[in-house]
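> Each chain is listed here by its residues.
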Amino acid sequence: MSSPTGPTPETSAQLQDVPPPVRTAVGTDTADRGFWHGRSGLVLAALMVAFSLYLVYGIVTMEVPEGTDFPGPAFFPTILVVVALVLAVLLVLHYLRSPEVPEAPASPDGRTWRTHSDWTSVAWCVAGFFLFALTLEWLGWILAAALLFWFVARGMGSRRPVFDVTLALLMSSAVYLAFAEGLQLNLPAGFLGGI
Amino acid sequence: MESIELLLQGFGGALTPANLMWVLLGCLLGTAVGVLPGLGSSMAVALLLPMTFALDPTAAFIMFAGVYFGGLFGDSTMAILMNTPGQASAIASTFEGHRMAKDGRAAQALATAAIGAFIGGMTAAVVVVFLAPQLAAWSANFGSAEFFALALFAFVATSSVVSDSAVKGLASLVLGLGIATVGIDATSGTERGTLGVPEMFDGISLVTVTVAVLALGEVFHMAARIRRDPHAVAMRPSGRPWLSGAEFREAAPAWARGTAIGLPFGVIPVGGAEVPTFMAYDLERRLDRRRARPTFGRGSIRGLAAPEAAGNATTGTAMGALLALGLPVSATAAIMLAAFRQYGLQPGPLLFDRAPDLVWSLLASFFVAMVVLLIINLPFARIWAKLLLIPPPYLYAGITMFCGLGVYATSGSRFDLFMLLGIGIVGFVLRRHGVPLAPLMIGMVLGPLAETSLRDALLSSNGDYSVLVGSWITLLLYGVLLLVVLLTVRSKIVSRTRKDV
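Protein chains in written order, with this note's numbering: chain P, 1 to 195; chain V, 196 to 696.
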């Protein structure tokens, strides 16, 4: 009987006989990665500050009717702003004291990346959705949704662009038939609708 | 017994051919989404929420019940076969369940999970039928101060007790509460945080936020990881999909214990089903150590049976708490509450009086959904596993398309699509940095209740804060909350010192 624990990433990497130089390079590299390594979570603190600024702007520009009794409409947002700013400070302290380095799983080909997230993939998906939202009413559901499908599939690593176009159009048309024709949901036909 | 009579009428409502079809469809869709790797029941409900608006309320909620429980079933199926739990409540099932699958006992593991979920869910449904009306009657005496205490309880419990980092949990909660304040203030009619944009006068739609955070953000998260993580290896379900008498006898006490642990957790808002599933798992492990031949670590049937039963028992009673108190204790329950609001219904003490047909049909449909799920899960688990053959790029491309479909179909405006994208990116950032998303959902849903009850209480007392602790119910709630927080702090310190040793 083998041991109850399954093969760890390390042992499976050894089994595949991956040349170790890349891995050791990472080991020495981590020290030189600079301040931001493991501290990208500071963006959370920035998010909290940005959000509380938005709320503050809302409170300042709020037109409270005359004679509103305490607690008025600004009461609750004010509490939230205070709490959000305190949390932002706590988040900054947390990331300064203990950086969170995500565990990078051993990749099968031993490659490493500078960032934890695959921003190229995310950019394809975000761009696809942005274009979808932008063009939906003009292109109509079938074309815009097919565009979205194609972009996301591409971003997720599909390498068959032509086949994807067919599949995307098939999917968006099927959805249109089922939901716009079948369930009477309101989906735009776009300029195709005029033909 | 009045409850039984009403329940029978509910069955009458739920068992019409049309409603049966919706239950079946809901169960199938829920299981299908739950089965897909990384997707859990809350995503299933979030994606399907906009679709149900084409139906009448009773049919929609009956379908929801199917989706909700179906998602849980599908989720544990994948936790067992692929070691990919879609959400936290299925994690405890992966430990022993996945080992059983690796050991070539995948089919038995699936059967154990399905029967466990069935027992837990059924027991919970019975408890809800008898206790929910009492709970609703009792909570009808609640005033503003009591509701504020209840909401605060849910906030603190979900954001700090359940999540690993209290700061991150609270940050998520504050975002949710803040988003909920956007729009026209119900008490004074003032515009708040709208930047003068007419589309925001009605506030940011809960559907948009739900789909953005739970579905689109998740797609972006998968995009960020999909080409970098080595893929999990699928297990082929094989062997007999039923349990031998010995296995059944072995699992039975664990199912019972799991159910007993899970039941109370649906009513105490400490957030979701993950706490009871881990407690049930831990209890079985401790009991197992005392046996002559410990089975944990080698695919223990009890280590799977208990958390499955506990998870579904909690889910069931959580629905009871949602109906009777209007208090969602998990992200999924928060979405259900949103769905009730879309139909102009307010869950809570008055729902049992105002819409008894709906409530009792919904409760009856829990039973129906459980039976349907047992039927479609026990023999067909190997067919569900075929869904894994969809290549991930197309899977996620399809999900993204449905996100767009759902939000555009409910709002009919491109503004909401851009809002969806923006909040989706925020959701991705939160997910990437380990911020729990359930507090955001709960903050968004309960925020207005918390705010109006706090302001009403203070208005009626002319700004005197002591009104908030003015009755024994509020004192009791704050007392229990304090106790829960202290226990959490203690267990966190204990686990930290243990780690150091």
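These are calculated hints, taken from the structure and not from any lab test. Since we're looking at a predicted model, the values are computed, not measured. Quick reminder that beta carbons are idealized off the backbone N, C-alpha and C, glycines included. It cannot be assumed that every hint is accurate.
Unchecked claim - Below are the SDA-like pairs computed for lysine to any residue, each with C-alpha atoms no more than 25 Å apart in a straight line:
no.	chain 1	residue 1	chain 2	residue 2
1	V	K687	P	E66
2	V	K687	P	V101
3	V	K687	V	L347
4	V	K687	P	R39
5	V	K687	P	L90
6	V	K687	P	P99
7	V	K687	P	Y95
8	V	K297	V	K687
9	V	K687	P	L93
10	V	K687	P	V92
11	V	K687	V	I286
To be verified - For each label pair, taking beta carbons as the anchor points, the in silico distance ranges come out as:
no.	chain 1	residue 1	chain 2	residue 2	range
12	V	R493	P	S173	46 to 52 Å
13	P	L96	V	L681	27 to 33 Å
14	V	A213	P	R159	43 to 49 Å
15	P	E181	V	W333	44 to 50 Å
16	V	D251	P	F163	39 to 45 Å
17	V	R484	P	V101	53 to 59 Å
18	P	S173	V	I585	52 to 58 Å
> Each hint should be assessed against the structure and marked as holding or not.
Verification of the hints:
A distance of roughly 49 Å separates the Cα atoms of K687 (chain V) and E66 (chain P); the hinted pair therefore is violated under the 25 Å criterion. Distance check on the hinted pair: K687 (chain V) and V101 (chain P) sit about 21 Å apart at the alpha-carbon level, within 25 Å; holds. For the hint linking K687 (chain V) to L347 (chain V), the alpha-carbon distance of about 22 Å falls within 25 Å, and the restraint holds. In summary, the hint linking K687 (chain V) to R39 (chain P) is supported, as the alpha carbons are separated by about 24 Å, within the 25 Å threshold.
Between the alpha carbons of K687 (chain V) and L90 (chain P) the distance comes to roughly 19 Å, so the proposed pair stays at or under 25 Å and holds. Among the hinted pairs, K687 (chain V) with P99 (chain P) is consistent with the structure: their alpha-carbon atoms are about 20 Å apart, no more than 25 Å. For the given pair, K687 (chain V) sits about 20 Å from Y95 (chain P) by alpha-carbon distance, which is consistent with the 25 Å threshold. As the CA atoms of K297 (chain V) and K687 (chain V) are separated by approximately 33 Å, the hinted pair breaks the 25 Å bound.
Distance hint between K687 (chain V) and L93 (chain P) is fulfilled; the C-alpha atoms sit about 20 Å from each other, no more than 25 Å. In summary, the hint linking K687 (chain V) to V92 (chain P) is supported, as the alpha carbons are separated by about 22 Å, within the 25 Å threshold. The suggested pairing of K687 (chain V) with I286 (chain V) holds, with an alpha-carbon distance near 20 Å, which does not exceed 25 Å. Taken as a hint, the range 46 to 52 Å holds for the pair R493 (chain V) and S173 (chain P), whose Cβ atoms sit roughly 51 Å apart.
Between L96 (chain P) and L681 (chain V) the C-beta distance comes to about 28 Å, which sits within the given range of 27 to 33 Å. Take A213 (chain V) and R159 (chain P): their Cβ atoms lie about 45 Å apart, and the range 43 to 49 Å holds. The beta-carbon spacing between E181 (chain P) and W333 (chain V), approximately 49 Å, falls within the hinted interval of 44 to 50 Å. About 41 Å separates the C-beta atoms of D251 (chain V) and F163 (chain P), a value consistent with the hinted range of 39 to 45 Å.
Distance hint for R484 (chain V) and V101 (chain P): a CB-CB separation of about 34 Å, inconsistent with the stated range 53 to 59 Å. For the hinted restraint 52 to 58 Å between S173 (chain P) and I585 (chain V), the CB-CB distance of approximately 18 Å leaves it violated.
Violated hints, listed in ascending order, are 1, 8, 17 and 18; each of the other numbered hints is respected by the structure.
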